[in-house]
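Peer 1: Take the given structure of chain A and dock chains B, C and D to it, following the hints.
For reference, the chains in residue letters:
Number of protein chains: 4
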Amino acid sequence: MKVRLEENAYGKNAVNLSKIIRHPGYHEFRQITVNVSLQGDFESAHTEGDNTKILPTDTQKNTVYALAKEHFTSAIEDFALHLAGHFITTQPQVSQATIDITEHVYSRMLFDGTEHPHAYIGGGSEKRTALIVQNAAGTTVNAGIKDLLILKTTDSGFEHYIKDRYTTLKETADRILATQCVASWNYNGLVTGYTQQFNDIRNTLLKTFAYHKSLSVQQTLFAMGQAVLEQYPSVKDISLKMPNKHHIPFNLEPFGMNNQNEIFIATDEPYGYITGTITRE
Amino acid sequence: MKVRLEENAYGKNAVNLSKIIRHPGYHEFRQITVNVSLQGDFESAHTEGDNTKILPTDTQKNTVYALAKEHFTSAIEDFALHLAGHFITTQPQVSQATIDITEHVYSRMLFDGTEHPHAYIGGGSEKRTALIVQNAAGTTVNAGIKDLLILKTTDSGFEHYIKDRYTTLKETADRILATQCVASWNYNGLVTGYTQQFNDIRNTLLKTFAYHKSLSVQQTLFAMGQAVLEQYPSVKDISLKMPNKHHIPFNLEPFGMNNQNEIFIATDEPYGYITGTITRE
Amino acid sequence: MKVRLEENAYGKNAVNLSKIIRHPGYHEFRQITVNVSLQGDFESAHTEGDNTKILPTDTQKNTVYALAKEHFTSAIEDFALHLAGHFITTQPQVSQATIDITEHVYSRMLFDGTEHPHAYIGGGSEKRTALIVQNAAGTTVNAGIKDLLILKTTDSGFEHYIKDRYTTLKETADRILATQCVASWNYNGLVTGYTQQFNDIRNTLLKTFAYHKSLSVQQTLFAMGQAVLEQYPSVKDISLKMPNKHHIPFNLEPFGMNNQNEIFIATDEPYGYITGTITRE
Amino acid sequence: MKVRLEENAYGKNAVNLSKIIRHPGYHEFRQITVNVSLQGDFESAHTEGDNTKILPTDTQKNTVYALAKEHFTSAIEDFALHLAGHFITTQPQVSQATIDITEHVYSRMLFDGTEHPHAYIGGGSEKRTALIVQNAAGTTVNAGIKDLLILKTTDSGFEHYIKDRYTTLKETADRILATQCVASWNYNGLVTGYTQQFNDIRNTLLKTFAYHKSLSVQQTLFAMGQAVLEQYPSVKDISLKMPNKHHIPFNLEPFGMNNQNEIFIATDEPYGYITGTITRE
Chain A
1 MKVRLEENAY GKNAVNLSKI IRHPGYHEFR QITVNVSLQG DFESAHTEGD NTKILPTDTQ
61 KNTVYALAKE HFTSAIEDFA LHLAGHFITT QPQVSQATID ITEHVYSRML FDGTEHPHAY
121 IGGGSEKRTA LIVQNAAGTT VNAGIKDLLI LKTTDSGFEH YIKDRYTTLK ETADRILATQ
181 CVASWNYNGL VTGYTQQFND IRNTLLKTFA YHKSLSVQQT LFAMGQAVLE QYPSVKDISL
241 KMPNKHHIPF NLEPFGMNNQ NEIFIATDEP YGYITGTITR E
Chain B
1 MKVRLEENAY GKNAVNLSKI IRHPGYHEFR QITVNVSLQG DFESAHTEGD NTKILPTDTQ
61 KNTVYALAKE HFTSAIEDFA LHLAGHFITT QPQVSQATID ITEHVYSRML FDGTEHPHAY
121 IGGGSEKRTA LIVQNAAGTT VNAGIKDLLI LKTTDSGFEH YIKDRYTTLK ETADRILATQ
181 CVASWNYNGL VTGYTQQFND IRNTLLKTFA YHKSLSVQQT LFAMGQAVLE QYPSVKDISL
241 KMPNKHHIPF NLEPFGMNNQ NEIFIATDEP YGYITGTITR E
Chain C
1 MKVRLEENAY GKNAVNLSKI IRHPGYHEFR QITVNVSLQG DFESAHTEGD NTKILPTDTQ
61 KNTVYALAKE HFTSAIEDFA LHLAGHFITT QPQVSQATID ITEHVYSRML FDGTEHPHAY
121 IGGGSEKRTA LIVQNAAGTT VNAGIKDLLI LKTTDSGFEH YIKDRYTTLK ETADRILATQ
181 CVASWNYNGL VTGYTQQFND IRNTLLKTFA YHKSLSVQQT LFAMGQAVLE QYPSVKDISL
241 KMPNKHHIPF NLEPFGMNNQ NEIFIATDEP YGYITGTITR E
Chain D
1 MKVRLEENAY GKNAVNLSKI IRHPGYHEFR QITVNVSLQG DFESAHTEGD NTKILPTDTQ
61 KNTVYALAKE HFTSAIEDFA LHLAGHFITT QPQVSQATID ITEHVYSRML FDGTEHPHAY
121 IGGGSEKRTA LIVQNAAGTT VNAGIKDLLI LKTTDSGFEH YIKDRYTTLK ETADRILATQ
181 CVASWNYNGL VTGYTQQFND IRNTLLKTFA YHKSLSVQQT LFAMGQAVLE QYPSVKDISL
241 KMPNKHHIPF NLEPFGMNNQ NEIFIATDEP YGYITGTITR E
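Chains as they are written, first to last, in full-length UniProt numbering: chain A, 1 to 281; chain B, 1 to 281; chain C, 1 to 281; chain D, 1 to 281.
Worth flagging that the hints you see were computed from the coordinates, not collected in a lab. Because the structure is a prediction, the values reported are computed rather than measured. For glycine and all other residues, C-beta sits at the position ideal for the given N, C-alpha and C. A couple of the hints might just be wrong.
So the derived label-pair ranges between C-beta atoms look like this [unchecked claim]:
1) B:A173 - C:D174: 23 to 33 Å
2) A:K213 - D:N261: 17 to 27 Å
3) B:S125 - D:N261: 21 to 31 Å
4) A:N135 - C:D174: 57 to 67 Å
5) C:N261 - D:N203: 53 to 63 Å
6) C:H23 - B:R4: 34 to 44 Å
Only chain A is shown next, with the shape it has when bound in the complex (with noise of 0.2 Å):
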C-alpha cells in the first residue's frame, strides 16, 4: 500500500530574544518570541532520512539572534519580513517561510511625570503580534493584538435570544461583557509605519468596545472590525476572536439580600467563544 507526504512544516518555536537598542538619552528595550516555520521540498527527509535539504532548527535560531544585531530596529513586521526574506532567499529547497513574532511589551518607568531613560515595567497579558509569510505569491503582512483584557460594567446586554427546553440563561439588558481579544488584520500589500498603525488600529478597537451600546458579543465584535476597515484602507480584512469572559450575578436571594447587579462570580471555564472575520465588499 503506498502512503505519501502531504502538507508539512518544520522550523524552530519559542526563540526569546531582548534586544537593548541605544539611543541619545534612553535605552529602548525590546523583547519578543520568534517562531520559524519552513516548508517545502523536504520529502525525501521523511521518507528516507536523507537530511541534506535540512537547515537545522537550531540553525535556525541562531539566524534570528544574528540577523537581530542589524535588522531588528523597528517594527516586529519589519524584522519578521527581512527574516522570512532570508529563508526564502538563502533556501532554494524552501517554498514558503513564515515568521511569527509576538512583542512583549516594556514601557519606561515614569517619575514625576518623566519617563525613566533605562527602567522599565513589563508583565502585561496584552501582547503585539507580526505573522508574515513568503512564497512564490508574494508575502502577506499581519499585524494584531493579544490577551488584549478589556472589560465593560455596562452598556451591554443580551436579549431575545432562542429558548428551548435547555435555556435557563435569564435575559438581561445590563451586564459586564468582558474579553481576551485577539484581533489580526491583514494588509493590502506593504505598509509604511506598522507602529502608528497598530497604535491607531488598536486605539479604534478600544474605542468601538468602549462606546458601543453592546446587544452581543457578535455584534461588538462585529462593530469593531467594521470601525477599523472603515478608518484604515491599508487593512483588508480582520479577524476578532473574542472568547466571553462571564461575570456571573451572584445570588445573595438566599441570604435575604439584594444583588443589583453589583457582585458577580468572575469565571474562566466554561466560556463561550465568539470569532468572525470581517472583510470589504
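Peer 2: What follows is chains B, C and D alone, placed relative to chain A:
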C-alpha cells in the same frame, strides 16, 4: 464603504463534565472537556444585534450536561456525534456543528494485581480527543491523542544536514529523542468500536516510535503515520505534531570531566516543531 | 501506637469575585481572588469524622460574596479585616482566621486624556495583595505587590564573586537586571488609607530599583527594603522575593559578529532566586 | 534610622537535568528539577555590594550538572544529600544548604508484557520530591509526592456540619471525592533504600484513600497520615495538602430529568483546601 461578515462561529468552550457509569461490581469514571462551535446564518446578530437566531452558549452548555445522561455511555466519538446531530437537527439556522471533546484519562487503582472498584488515579498529560464536524456535506470523524510525552534514549541521530554561516550544532549519531506528540486521524466514514481502534492505533504509534532507527524527527514522524495507514484501512489520513523536547548534553569539559552522553539539560524553549500529514496515494 | 494531629487548617481558595461600585459619573470595577483559611478546634473532624464544628468551605465562599455587598467598598485590606473578624467572632471554635486577597488591577480606558466612565483594561501580571491574620493575640496586616515585572538595561553589574572549579560565569559591570518581584510588608498595627500607603510604597520600590547602581540582586533588594523602612514609619518590616529573570548575551562570535551588549537570550529557567527580609534595628 | 537584614537566602531554581544510566540490557532514564538555596553570612553583599562571599547561582547550576555524573545514581534523596553536603563543606560562609528535587516519572514502554529497553512514556502530573536541609544542627530528610490526582466515586460523604445564614450546600452521604494530593514526610534520620520506602508509603497512601469510608476530607487526610505513621517507624511525621477538586452534581431538574448522582460539573475554582500534619504522640 461596505464591509461584510466572512467566516464566523460561536459556541461554548471548556465544558467540564464528569460522569459515573455504574456497572455491576465497579464504577466507570469519565471526565471530559467539551467545546461546541456552531456556524450558520448569524449575520443579523452581528450587523443588527438581532439575537433571534442565536442559541445561547449557556444553553449549549446545559445541553451537553443534559444529553450526557442518556448519550455519553461509550466512546467520546459517539457522544460527540450525538451532540453534533442534536444541534444540526434542532437548529435550522445552524449549517455546521463542530464538537471537540478531550478526555482526561483515569485508571482504577491497582492493589495486588486487582483493580479497585471505585478508586482512580488521573493526572496524565496524555489525553484522548475526538473532533466531529457535521454539515450538509456529511459528517467527519477525527480521533486522536494529545500531549503524549514519549522519549527514547538511543536509536536516534541527526547528521548530514545543511551547514551555513550560522551553524553551530554538532552532528550526532546518538541522541535523546523526546516529543510531546499530538496525533489525529480522520476515519473513512463511521467506525464501530472507536475505543478499540483508538487503543490499537495508539499502540502502533508507540511501537513505531520505540523501534524506529531515527535519522530525524521528520523520518520518525513519517514512519509513525505510515505504520498507522498500513495497518488500519479505516484511517484515511493522519496528522502528527512533534515538538522536539530537546535534551542537550551539558558541557562538562570546563570541569575536566567527560560527558559520555549521560548528563543533559532538559529545555522547554526554544523547541523544534515538526508537523506533517500522511495520506494514502 | 499513638499519633496526633499537629498543625492543620482548612478553607476555601480561589473565590473569584468582581464588584461594580457605582459612583456619580463613573463606575469603579474591582476584581479579587479571596482565600479563606481557618485554624482551631477541628480535631474531632479528623479523628472521628465529626463535622459539627466544621463551617463548610462552600459556606465560607457564600460569606465572601454576601459580605462583599456591604463591606468591600475600599481597600482589600479593609475587606480582609472584615472577613477575618466575621469568622473569628461568629465561630467560637475558630482560633485563627487568615484572609488572603489578591487584587487584579483594572484601569479605566483613556481617550484623548479623559478616562472612560465604564470601560477598562486589565491583564497586568502585577497584582496587589493583602494578608490578614487574626487570632487571640491580635491582628496582623500584611500588604504587598506580586508579580511586578521590572527591568533595567544598565546600572547593574555582578563582579568579584567566588570562583571555584565549577565557575564559568563571566564578570560583568553592565548587564540587564530583571525580576518578577514580590514585595510584602507588615504594618505596625492598623493604618488609615491603605491604598495611599500602597501607592506610595510601590512608587518607592520602583524608584529605588530604577536609580540604584546595582552590584548584585542582593544589594538592590536590600536597598529597596531599606528605602521603604526609612520613608514609611508605619511599616514594621518588608520581605522581597526577586527571581532573577536572566537575559544572557547571545554569543555572536561564531558568526564573525560582535555582540556589544545588545542581543540577549531571555530565559525563564533556570533562574536565580534571591529573597530577604529587612527590619528595623 | 537603622535597618537590618533578617532572614535571607539565595540560590538557583529550576535546574532541569536529565540523565541516562546505562544498565546491561536497558537504559534507565531520569529527569529531575533541582532547586538550590543557601543561607549564611551574606550581609555584606546586601549592605555593601561585596560579592566576595557569594557563590554565583550560575556556579551552583554547573555544580548540579557536574556532580550528577558521579553522584546521581540512585534515589533523589541520595543525590540531594550529596549536593547539600558539597555546598556546606566547600563554602564556609554557608550555614545552611537546602536542596529540593522534584523527579518527573518516566516508565519504560510495555509491549506484549515486556518493557522496551530504551523507550519511555512520561507526562504524569504525579511527581516524587525530596527536600534536604543541612546545617550545623544536622541534616533533615523530607520525602514526598506531589500533584497526585486521586479520586473515588463513592464511600465519601459530608454531613452534620454547621449551618448558618450563608449555608446553601446540601448534605450528602454519597459524593465524589477527588484531590490533587501533596504528601511529604520527615524521616527519623537517614534511611537505606529511599526508593523502596517511597514506593511502600505511596502504596499505603493510595490504599487508605481507596478503602476509607470518608465522612470528610479532614478525616481521610488524617487516616492517610495515621496509616503511614503506624506502618513505617522510619517516618517521624507526615504533612498532607488536599485541595478538594469539586465535582458538583449538575441540576437537571429544569429539563425534567433526574440526576441520579451521575452527571457532574468538574470545577477547578474555587476549591476547598484542607491541610494537616500528623505526628507521633
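Peer 1: Are A:N135 and C:D174 spaced within 57 to 67 Å by their CB atoms?
Peer 2: Violated: the Cβ-Cβ distance is about 42 Å, outside 57 to 67 Å.
Peer 1: Assuming the hint says 21 to 31 Å, is it satisfied by the Cβ distance from B:S125 to D:N261 or not?
Peer 2: holds (29 Å)
Peer 1: Is 34 to 44 Å respected by the C-beta to C-beta distance linking C:H23 and B:R4?
Peer 2: holds (41 Å)
Peer 1: Please check whether A:K213 and D:N261 have a Cβ separation lying inside 17 to 27 Å.
Peer 2: Hint violated: Cβ distance 45 Å, outside 17 to 27 Å.
Peer 1: Quick check: does the Cβ-Cβ distance between C:N261 and D:N203 fall within 53 to 63 Å?
Peer 2: Given about 55 Å between the Cβ atoms, the range holds.
Peer 1: Has the hinted range 23 to 33 Å been met by the Cβ atoms of B:A173 and C:D174?
Peer 2: Check failed, 42 Å falls outside 23 to 33 Å.
The structure is inconsistent with the numbered hints 1, 2, 4, although it conforms to all the rest.
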